[in-house]
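Protein chains: 2
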Amino acid sequence: MLPERVAIVEVGPRDGFQMEKTFLPTDLKVEVIDLLTKAGLAKIEATSFVSPTVIPQMADAPEVMARIRRARGTVYSVLVPNVKGAERAVAAKADGIRLVVCATEAYNQRNVGMSVAESMALIPAIKAAAGAIPVEVVIGLSFGCPLEGAVPEDRVVGLARRIAGMGIPEISIADSIGIAHPVQVRAMVERLGRELPGLQFSLHIHDTRGLGLANALAAMEAGIDTFDSGLGGLGGCPVFPGATGNIATEDLVNMCAEMGIETGVDLVPVREASRRIAEFLGRALPSRVLAVGTREELYRRIEKPAVQA
Amino acid sequence: MLPERVAIVEVGPRDGFQMEKTFLPTDLKVEVIDLLTKAGLAKIEATSFVSPTVIPQMADAPEVMARIRRARGTVYSVLVPNVKGAERAVAAKADGIRLVVCATEAYNQRNVGMSVAESMALIPAIKAAAGAIPVEVVIGLSFGCPLEGAVPEDRVVGLARRIAGMGIPEISIADSIGIAHPVQVRAMVERLGRELPGLQFSLHIHDTRGLGLANALAAMEAGIDTFDSGLGGLGGCPVFPGATGNIATEDLVNMCAEMGIETGVDLVPVREASRRIAEFLGRALPSRVLAVGTREELYRRIEKPAVQA
Numbered sequence: 002m003l004p005e006r007v008a009i010v011e012v013g014p015r016d017g018f019q020m021e022k023t024f025l026p027t028d029l030k031v032e033v034i035d036l037l038t039k040a041g042l043a044k045i046e047a048t049s050f051v052s053p054t055v056i057p058q059m060a061d062a063p064e065v066m067a068r069i070r071r072a073r074g075t076v077y078s079v080l081v082p083n084v085k086g087a088e089r090a091v092a093a094k095a096d097g098i099r100l101v102v103c104a105t106e107a108y109n110q111r112n113v114g115m116s117v118a119e120s121m122a123l124i125p126a127i128k129a130a131a132g133a134i135p136v137e138v139v140i141g142l143s144f145g146c147p148l149e150g151a152v153p154e155d156r157v158v159g160l161a162r163r164i165a166g167m168g169i170p171e172i173s174i175a176d177s178i179g180i181a182h183p184v185q186v187r188a189m190v191e192r193l194g195r196e197l198p199g200l201q202f203s204l205h206i207h208d209t210r211g212l213g214l215a216n217a218l219a220a221m222e223a224g225i226d227t228f229d230s231g232l233g234g235l236g237g238c239p240v241f242p243g244a245t246g247n248i249a250t251e252d253l254v255n256m257c258a259e260m261g262i263e264t265g266v267d268l269v270p271v272r273e274a275s276r277r278i279a280e281f282l283g284r285a286l287p288s289r290v291l292a293v294g295t296r297e298e299l300y301r302r303i304e305k306p307a308v309q310a
Numbered sequence: 002m003l004p005e006r007v008a009i010v011e012v013g014p015r016d017g018f019q020m021e022k023t024f025l026p027t028d029l030k031v032e033v034i035d036l037l038t039k040a041g042l043a044k045i046e047a048t049s050f051v052s053p054t055v056i057p058q059m060a061d062a063p064e065v066m067a068r069i070r071r072a073r074g075t076v077y078s079v080l081v082p083n084v085k086g087a088e089r090a091v092a093a094k095a096d097g098i099r100l101v102v103c104a105t106e107a108y109n110q111r112n113v114g115m116s117v118a119e120s121m122a123l124i125p126a127i128k129a130a131a132g133a134i135p136v137e138v139v140i141g142l143s144f145g146c147p148l149e150g151a152v153p154e155d156r157v158v159g160l161a162r163r164i165a166g167m168g169i170p171e172i173s174i175a176d177s178i179g180i181a182h183p184v185q186v187r188a189m190v191e192r193l194g195r196e197l198p199g200l201q202f203s204l205h206i207h208d209t210r211g212l213g214l215a216n217a218l219a220a221m222e223a224g225i226d227t228f229d230s231g232l233g234g235l236g237g238c239p240v241f242p243g244a245t246g247n248i249a250t251e252d253l254v255n256m257c258a259e260m261g262i263e264t265g266v267d268l269v270p271v272r273e274a275s276r277r278i279a280e281f282l283g284r285a286l287p288s289r290v291l292a293v294g295t296r297e298e299l300y301r302r303i304e305k306p307a308v309q310a
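Chains A and B, in that order, are what the protein sequence lines are.
Position one of the first sequence corresponds to residue 2 (the numbering used here), numbered consecutively onward.
Position one of the second sequence corresponds to residue 2 (the numbering used here), numbered consecutively onward.
I should point out that these hints are in silico values taken from the structure, not numbers from a laboratory.
Predicted model only: the values in this text are computed from it and were never measured.
One should not assume that every hint holds.
Since copy identity is lost for identical chains, a pair holds within one copy or between any two.
Capping the alpha-carbon separation at 25 Å, the derived lysine to any residue pairs in SDA-like fashion look like this [as the list claims (entries may be wrong)]: (1) Lys22 / Ala285; (2) Lys94 / Pro53; (3) Lys94 / Gly199; (4) Lys94 / Thr295.
This is chain A alone, in the form it adopts within the complex (with noise of 0.2 Å):
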């Protein structure tokens, strides 16, 4: 049974942004998520309030959230990894804030420099700092890590429960490095559904192996109605050379509309956004339909009238 609807929350001015070397402008990085505001998208991942240390990208997250045109119904997220990044957060008028545990010890290590019980107890930390503000949090490695290896499906839902123990409703469940296939994803929707009923689960897939529309579709059909996706389907993985990114908005838009799901989002806007990330990237970005266009699109490039049989 598919969702009538299925939200989408944009997540390449983050995710995609930060795994390209190249500083991008911030006046493309405002242009693109202007573009995607355009666009329809109910909730865009603007960037992250990290180190720029750590991730030089993301150096100017001050200025791309002062100087965005936000729209009334759209949500502008940013990624936290500590107190501080959610007090930066807040300064910068953030409308969601989005938190990282990682499923492994080892990834989290490597990931902040924590162990998961230490960045589980910041959550509290976090929520008091945001305020008014709702805080997300992001399960990540939660389908396979490439430090440890497979991930038991009962430590992701255990780590759930004890997030929404915590009064966070709305909790994303991610893929980060592209490991998932459908029987996997249906499962863990499945059991995530049946044993903590009533949250807001949401997937974050990566197309690694080619599996994230699959994946997207399992998950719909097991009650998902809300995914990450990325412009173009930008990004890509910290640790598998050659990996694309999360799933491109694009394609995963297109498979909505034409299975009847409403997504609320235009593509023309995002196509945009992502040829004008293309052209200063001098490379063609792995979305599909940005190749080559929709059905509708393809059918109206017919050459000669219908014929009857």
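Mind docking chain B on chain A? Use the hints.
Same frame as chain A, but now just chain B:
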């Protein structure tokens, strides 16, 4: 309910190669097919017996068929457009013959210069020419046509019924241009299974808008257990510039393996074959698993021993 086993028909040496403008040397074609045999593929569409004026890439079809090393248990199938092609296929000792009938008049005219009725009328003659060699019919453009637009499900089901009535138990439903979406695939497969039980349907999918594996997943859930795919995701679409080709054998085999579905295919020689082609063509092929590896291979790159939580 997913199948326990999926059979894969490797169509790269025909559907993939025919899209390449540069003539692939016969030596390379033979080497690639021999590698695919080594990979354990149950059926390989090795070439097509068409006019070399129309498709120069297939001019060496008899030589390819004569030089490949055949394995017991592997079916070496060929595509033919007419009775003359079938006779040449018999002379070349093909194990199987495939004939395409398009679901739309406009595309069938463009493809073979005949009406759909004329193509359908060929089936008994091709069957007679084939003798003991099994003939399979591919219904092309089953999910949409670049010349006529949407294709009614009724038309495909009606053609399948008439083809079955001619004593053809194997029918391939082809999304020749990659226009299908999962809901459409599921509806088509469920209807064919309901109305024409006992036939052996397979699905031929292109990945034009990135929906290839999602469509394969939907088809499996609806009861299909045989798929065409092409090594490396070779190929394209004669009508949509920028389109990618068949779903990649590597990506489909990997998806099945991860979901616990047997294919009997060893990816090592498939990827060796893809790399040989990529090397010759001087460009990367679309397959993601070819680029980054399987889940197990990604895990094997684990840098550090597991850290206990």
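Right, here's what the structure says about each hint:
1. When the C-alpha separation of Lys22 and Ala285 is checked against a cutoff of 25 Å, the pair qualifies both within a copy, at 16 Å, and between copies, at 22 Å.
2. Taking identical chains as interchangeable, the C-alpha atoms of Lys94 and Pro53 lie at most 25 Å apart only when both belong to the same chain, with a minimum of 19 Å there against 66 Å between chains.
3. In this assembly of identical chains, Lys94 and Gly199 lie within 25 Å of each other by CA distance neither inside one copy nor across copies; the values are 28 Å within and 63 Å between.
4. Proximity of Lys94 and Thr295 under a CA criterion of 25 Å is satisfied in neither setting, with 36 Å inside one chain copy and 42 Å between copies.
Hint violations for this structure: numbers 3 and 4, all remaining hints satisfied.
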